[in-house]
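J.: So the chains spell out like this:
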Amino acid sequence: TPSNPSATNTAAPAIQPTSGTSVVRLAYFPNFTHATGLVAVANGTVQKAIGSNTKLDVKSFNAGPALIEALLAGEIDIGYVGPSPAINGYVKSKGSALRIIAGASSGGALFVVKPSANIKSAKDLAGKKIATPQKGGTQDIALRKYVSQNGLKTADEGGTVTVLPTANPDILTLFKQNQLDGAWVPEPWATRLLQEAGGEVFIDERAIWPDGKFSTTLIVVSTKFLKQSPDLVKAVVKAHVQTDKFVRENAAEAKSIANKEIERITSAALPNVVLDAAFRNVDFSYDPYASTVLVGADDAFKLGFLGDTQPNLDNLFDFSVLNEVLKEQGLPLVKAVVSK
Amino acid sequence: MATLAKNNLLLRGLKGITTTSNPIKRETLYRRVVFFSLLFVGWELFSHSGVWPDYLFPGPIAIAQSLWSGLKKGLYIYGTWVSMLRLIAGYVISLLIGVPLGALIARNKYFKDTLGALVISLQALPSVCWLPLAILWFGLNERAILFVVVMGSLFSIVLGVESGINNTPPIYVKAARNLGTTGLRLYTRVILPSAFPIILAGLKQGWAFAWRSLMSAELLYFTLSLGNLLQTGRDLNDAAQVMAVMTVIIGIGLAFNQLLFAPFERQIANRWGFSPSK
Amino acid sequence: MATLAKNNLLLRGLKGITTTSNPIKRETLYRRVVFFSLLFVGWELFSHSGVWPDYLFPGPIAIAQSLWSGLKKGLYIYGTWVSMLRLIAGYVISLLIGVPLGALIARNKYFKDTLGALVISLQALPSVCWLPLAILWFGLNERAILFVVVMGSLFSIVLGVESGINNTPPIYVKAARNLGTTGLRLYTRVILPSAFPIILAGLKQGWAFAWRSLMSAELLYFTLSLGNLLQTGRDLNDAAQVMAVMTVIIGIGLAFNQLLFAPFERQIANRWGFSPSK
Amino acid sequence: MNGDYALQIQAASKVFYNGGKAIPALAPLDLEIARGEFVCLLGTSGCGKSTLLNLIAGLDDPSSGSIYVNGAPLKGPGPDRVMMFQEAALFPWLTVQENVEFGLRQQNVAPQKCSEIAKLWLERVNLQGFEKAYAHQLSGGMRQRVALARSLTIDPAILLMDEPFGALDAMTRDRLHIELENLWLSTGKTILFVTHNVREAVALGDRVLVFSPRPGRVIADYKINLPRPRSLEDLVVINKTAEIMQTLRQAIASSSVSQELEWQL
Amino acid sequence: MNGDYALQIQAASKVFYNGGKAIPALAPLDLEIARGEFVCLLGTSGCGKSTLLNLIAGLDDPSSGSIYVNGAPLKGPGPDRVMMFQEAALFPWLTVQENVEFGLRQQNVAPQKCSEIAKLWLERVNLQGFEKAYAHQLSGGMRQRVALARSLTIDPAILLMDEPFGALDAMTRDRLHIELENLWLSTGKTILFVTHNVREAVALGDRVLVFSPRPGRVIADYKINLPRPRSLEDLVVINKTAEIMQTLRQAIASSSVSQELEWQL
Ligand SMILES: Nc1ncnc2c1ncn2[C@@H]1O[C@H](COP(=O)(O)OP(=O)(O)OP(=O)(O)O)[C@@H](O)[C@H]1O
Ligand SMILES: Nc1ncnc2c1ncn2[C@@H]1O[C@H](COP(=O)(O)OP(=O)(O)OP(=O)(O)O)[C@@H](O)[C@H]1O
Ligand SMILES: [Mg+2]
Ligand SMILES: [Mg+2]
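Protein chains in written order, with my numbering: chain A, 1457 to 1796; chain B, 3 to 280; chain C, 3 to 280; chain D, 13 to 277; chain E, 13 to 277.
Isolated chain A, as found in the complex (with noise of 0.2 Å):
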């Protein structure tokens, strides 16, 4: 009965702490999008890997920018996070804070109509309401990318599509409400508009990525911990890995796990009904889709919102270390890309 993955991986061997550091301060999102973390630390594959002799410190945080505000200041080293948080904080720092060294999911999140709105096709979000849940974020450059991509305007540049940038619970209750027309928001809000406020799949995200796959949770490392420590990052990289490997494969106990995890940090847990169907959603790997992530990164900027110039995203990805991981463990590497 392979249940527990510390249990099952391979004589993870302890690292002894090398210079001075013996503290890992890793920190993620009670949401399932980080059920890999979630699980690798509930479990203690973490600790594991990095060895008895050194600390894991977790912090919970609430969104992407606190954590990496967190990070720049120095008190978080190895952190879960979304691609635009991450680009965010490698720009504000001149790409000299921090790398993005995996990937942890993909996918999860839905344009969601209204049934009564009618919007069967682009055309017909014309002089309709549609909510994202902050603006600049990933799901209001794709709606903006959208609608311009399918010849309309937003109203903000003078068109007829409006967009509504506000917070998720807030656009739980206007659907509700019948104040909006669709919304595209990441999971489980998706899949609650689909539940509990009656909405319809207008587009599932993945539909639009090449192969699907799209970058939703990153793992990023201070560079300064990279340098120092990298054995360390290197085992949280490792236990990392063996982690995504449980839980695509072990959905069903991942998930529970991960949900036991939410409740612990959050006090309140995801009814299974939302659960699920969000899961169905969201794809773990350990793949940062790194294309994805520069192609939103110029959306972004295209659309304004990363300065007036564009920024310089050489050093943003460091493989290194999760290729060594994978050589060893006999996966694919992953590539690295070179932005344009």
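Mixed in with the good hints, there may be bad ones.
Stated by the list, open to error - Estimated spans, in silico, between C-beta atoms of each pair: (1) B/P265 <-> A/D1732: 52 to 58 Å; (2) A/E1652 <-> B/S51: 29 to 35 Å; (3) D/G32 <-> C/G275: 35 to 41 Å; (4) A/K1511 <-> B/Y112: 47 to 53 Å; (5) D/G32 <-> E/A122: 29 to 35 Å; (6) C/A257 <-> D/A34: 54 to 60 Å; (7) A/G1583 <-> C/I90: 45 to 51 Å.
Said to hold, decoys possible - Using 30 Å as the maximum straight-line C-alpha spacing, the simulated DSSO-like pairs for lysine-lysine come out as follows: (8) C/K75 <-> A/K1550; (9) E/K144 <-> E/K125; (10) D/K125 <-> C/K176; (11) E/K125 <-> C/K176; (12) D/K144 <-> D/K131; (13) B/K75 <-> A/K1711; (14) E/K144 <-> D/K125; (15) A/K1601 <-> C/K176; (16) A/K1585 <-> A/K1758; (17) A/K1576 <-> A/K1550; (18) D/K131 <-> E/K33; (19) A/K1515 <-> B/K111; (20) D/K33 <-> C/K111; (21) A/K1783 <-> A/K1669; (22) A/K1783 <-> A/K1701; (23) A/K1584 <-> C/K75; (24) A/K1601 <-> C/K75; (25) B/K111 <-> E/K33; (26) A/K1585 <-> A/K1609; (27) A/K1701 <-> A/K1716; (28) A/K1758 <-> C/K74; (29) A/K1791 <-> A/K1711; (30) E/K33 <-> D/K144; (31) C/K111 <-> E/K144.
Unchecked claim - Listing some non-contacts, in silico: residues in chain C with all C-beta distances to chain D over 12 Å: (32) V35; (33) V36; (34) L41; (35) E46; (36) S49; (37) G52; (38) Y80; (39) L135; (40) P172.
Hints in this document: simulated from the structure, not taken from any laboratory.
Ideal Cβ placement from N, Cα and C applies to all residues, glycine included.
Given chain A's structure and the hints, the job is docking chains B, C, D and E with the ligands onto it.
T.: Relative to chain A, chains B, C, D and E with the ligands alone:
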């Protein structure tokens, strides 16, 4: 005869005790019970009326259920405990800094012209402005949370103390200096006591804003606390949980008001002779 | 002789004008300039010292650049304009509700025992508690934002008015009733004017908290406004933008203090004879 | 009740509570004051004079007993009974002029008229030139004079004056005695006048009431039938004064006894 | 400066500003007061008596001129010169007992001792039983007596008393006159005593200063060489009183002129 006199003394003694140690008059209590009962019943009925869906506007019973299930799991008790400790620590720090600072600003024109002008503007800054600085200066720990709480309540206290002192009738200061009071004692023995009725209002404001800031500060990172329970409730769009936390905050507010501020207010009314004239 | 007397009169007249219409004394101005210059220079130097990375703790120059680029794009001017309108509208509504409510609570024991007990607790509720209710009650529009602003500042004003009135020396009320003042006039002609010095402190607090709530309320949905500029700055980890918005808030706070509150404070000091004794 | 009396006080008493301790300020008191009478009240410090005036003004409720004004039971304060407080109680947010106008404004008198009447009274109390001053800019005696002007402007039927000339020098006081007497003679107001100056009481009053030490009771009621105008220096005034002083002395002598009493109540 | 004098005042004046208008309260004033002198100040209402006492107490700065205390230039307030204010100025947050103890506590006298001294003085002003009362629970005269006790407990070398007995009845006043005179005789304090009661001034003072109306100047300086103890009823006292009244009357007569003056300054 002697016994009678003694009895009378005893009776008077008891009367003295009841007036001072039973601070809420029965009348007041009665009024409160009636008021809050009516409020709750009306609210419960309304929540079922269907004007607003009850998952968005739950009634007291739904809120109580949410509260009860949280209590059973120990969430609210532990979360309240954690938050209360932070609140009290932050509030006390604010007091320790705010009272002298307010006194300085009120009595020293250099401070008034410089710091004084800043205070009202700094007070206007939302807690979220202090979060990044808190992490930077203190790291991800309790001190950062306390810092944000202090930033939220400090300026209210400073402003209250300043206004209290500015409104001190100068005759008291004159009388005291004339009786030989100087330096620090002028503050501790005269200016602050004389300004106390107004300062108290500032302290009440500070208390309220310590709460507000605490709720933001606890979002720095997840720990079981009222701030996180509130945020979770909001993140899940769980109106009953949001309102359950609100209830806890309101309950603690009422209790502290009753235990901390109301006795002082009664004392002031007694000493100064303030009383709502008929 | 007549000319001389006339000149004297003129001189005195001018003196009168200068004392009233030139509210900031040169000395004060000088002190402020020195204080803030030192503050800025120290800060700028520190931000380059490398103790904290400059992208987390930018100096005044970086902040000014961010502000300037935002100004050029019109972001700050338009955002400030939108936010100011909301702030003023919300504040005025709070005043219109808060002043009578505070007066009622202070003077009527039924209200005091019931509503009065609620106010300090409601004041402790963070704006985020009001956001869901605002959407529910008003939908996504300006009224929802105003509601949150009002909820943020109302209770400060109520508390200030209540405390002002509670601290009114009863002799003034007696004197007025005795001279035939009754009903509403007792409030408008006696109680409120007499409580005004303390009420003003409550109004200042209310002003500060109207700001704080506005910054939360503007996150209800995205419109170009200071609240959103602040949030965007935070979402993008753009410390310079966060601080630029802080600067705007502080600047507006200083200006309003100078234009709105300081003249009243001077007037009160003149009339009541409050003055920092030497 | 008899409408001929401006005031009828029936067994009115007042007990204050200081913590749990009862402090009887006024013993049950019966008193009838005819319309147009000028009554002076004398008594030791703390004997309840101000308390009585407060009750009559309707600013405080008696602990027992009742009070009738012109035959009707007293219902709260009203501009027919104006009190001039022992402390001046000027409104600090109003100028001297505005303070004096205050009562008239409350009665919706035209602003022009208010200002005229106020000016007139400010002249009578010799404060011209201080119209725009605030209370804190006045001396103690000046404040008292403003308070005097403020209560006289509204021309009440009953005037309750609590040591109105206490802070004034002899000359100013003389002048105001004359003003007050003239006012009373020409308008027939009922005046209750508390003073510590026995000669002043004799010189001004139709009737002088002497109070016992706390709790106050009327222990002597003198009719003063001397011709007017009287001067403080008149021999008859001085003699009457001596007689009343005697009563007061005796009252004080027994005061220690009455102070014991309070602890039993 | 000459250390024999308790107080030397050289060309001290005080001008207040009311908006733009200058109000001269004290004309430049020269005055020398010997150690142990009992000086009474008389003058019309608003002539600057309280202002002068404030300057001497160090609570306000003269607009010009200087003041020396025991030969040394005056530097702010100090417990060697205690002022008893015209308004009682009791601290509302303290009980009567605590108010009276206040000055002693400031001088770090042992609490036990403070309490004893306070009790003693409260008895002397006849307020035993009110130790635990607050100011608002006292009558006007009682407040004044508490203020008196409060300033006397700290045993200052110079006592500045601003109408200390203004709100007291004749009997209480008599008793306190005797107390004050005994205190003065036994301790040799220097006392400046403002009053509107000319007979009181004559009965108590070694010296009586008469002030002109505002701006105040000393227009008469009487030495009172009558034997002590004096009574208010002594014929010599009454005669001296009449003489001084005459001066005051004349001063008032010219007051309208001086009031014109102010507008020119
Ligand atoms: N609010 C109060 N609470 C308690 N006791 C009070 C209150 N007001 C007055 N007293 C007491 O009532 C008594 C009478 O006071 P009142 O002011 O009537 O005296 P009075 O005759 O006017 O004296 P004075 O001549 O000194 O003004 C005093 O002993 C005083 O202590
Ligand atoms: N703070 C002030 N601002 C302006 N004018 C003032 C101030 N204080 C006192 N005055 C003026 O100074 C003059 C003298 O006042 P002061 O109080 O010394 O008089 P006084 O002799 O004590 O009179 P009284 O016998 O009435 O107490 C008055 O005309 C008064 O108006
Ligand atoms: Mg009295
Ligand atoms: Mg005076």
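J.: Determine for every hint whether it applies to the structure shown.
T.: Here is what the structure says about each hint:
no., hint, result
1, B/P265 <-> A/D1732: 52 to 58 Å, "55 Å, holds"
2, A/E1652 <-> B/S51: 29 to 35 Å, "21 Å, violated"
3, D/G32 <-> C/G275: 35 to 41 Å, "38 Å, holds"
4, A/K1511 <-> B/Y112: 47 to 53 Å, "49 Å, holds"
5, D/G32 <-> E/A122: 29 to 35 Å, "30 Å, holds"
6, C/A257 <-> D/A34: 54 to 60 Å, "57 Å, holds"
7, A/G1583 <-> C/I90: 45 to 51 Å, "33 Å, violated"
8, C/K75 <-> A/K1550, "23 Å, holds"
9, E/K144 <-> E/K125, "18 Å, holds"
10, D/K125 <-> C/K176, "25 Å, holds"
11, E/K125 <-> C/K176, "41 Å, violated"
12, D/K144 <-> D/K131, "12 Å, holds"
13, B/K75 <-> A/K1711, "22 Å, holds"
14, E/K144 <-> D/K125, "49 Å, violated"
15, A/K1601 <-> C/K176, "72 Å, violated"
16, A/K1585 <-> A/K1758, "23 Å, holds"
17, A/K1576 <-> A/K1550, "43 Å, violated"
18, D/K131 <-> E/K33, "20 Å, holds"
19, A/K1515 <-> B/K111, "46 Å, violated"
20, D/K33 <-> C/K111, "25 Å, holds"
21, A/K1783 <-> A/K1669, "23 Å, holds"
22, A/K1783 <-> A/K1701, "15 Å, holds"
23, A/K1584 <-> C/K75, "28 Å, holds"
24, A/K1601 <-> C/K75, "23 Å, holds"
25, B/K111 <-> E/K33, "25 Å, holds"
26, A/K1585 <-> A/K1609, "13 Å, holds"
27, A/K1701 <-> A/K1716, "19 Å, holds"
28, A/K1758 <-> C/K74, "20 Å, holds"
29, A/K1791 <-> A/K1711, "29 Å, holds"
30, E/K33 <-> D/K144, "10 Å, holds"
31, C/K111 <-> E/K144, "28 Å, holds"
32, V35, "33 Å, holds"
33, V36, "33 Å, holds"
34, L41, "37 Å, holds"
35, E46, "46 Å, holds"
36, S49, "48 Å, holds"
37, G52, "56 Å, holds"
38, Y80, "41 Å, holds"
39, L135, "39 Å, holds"
40, P172, "9 Å, violated"
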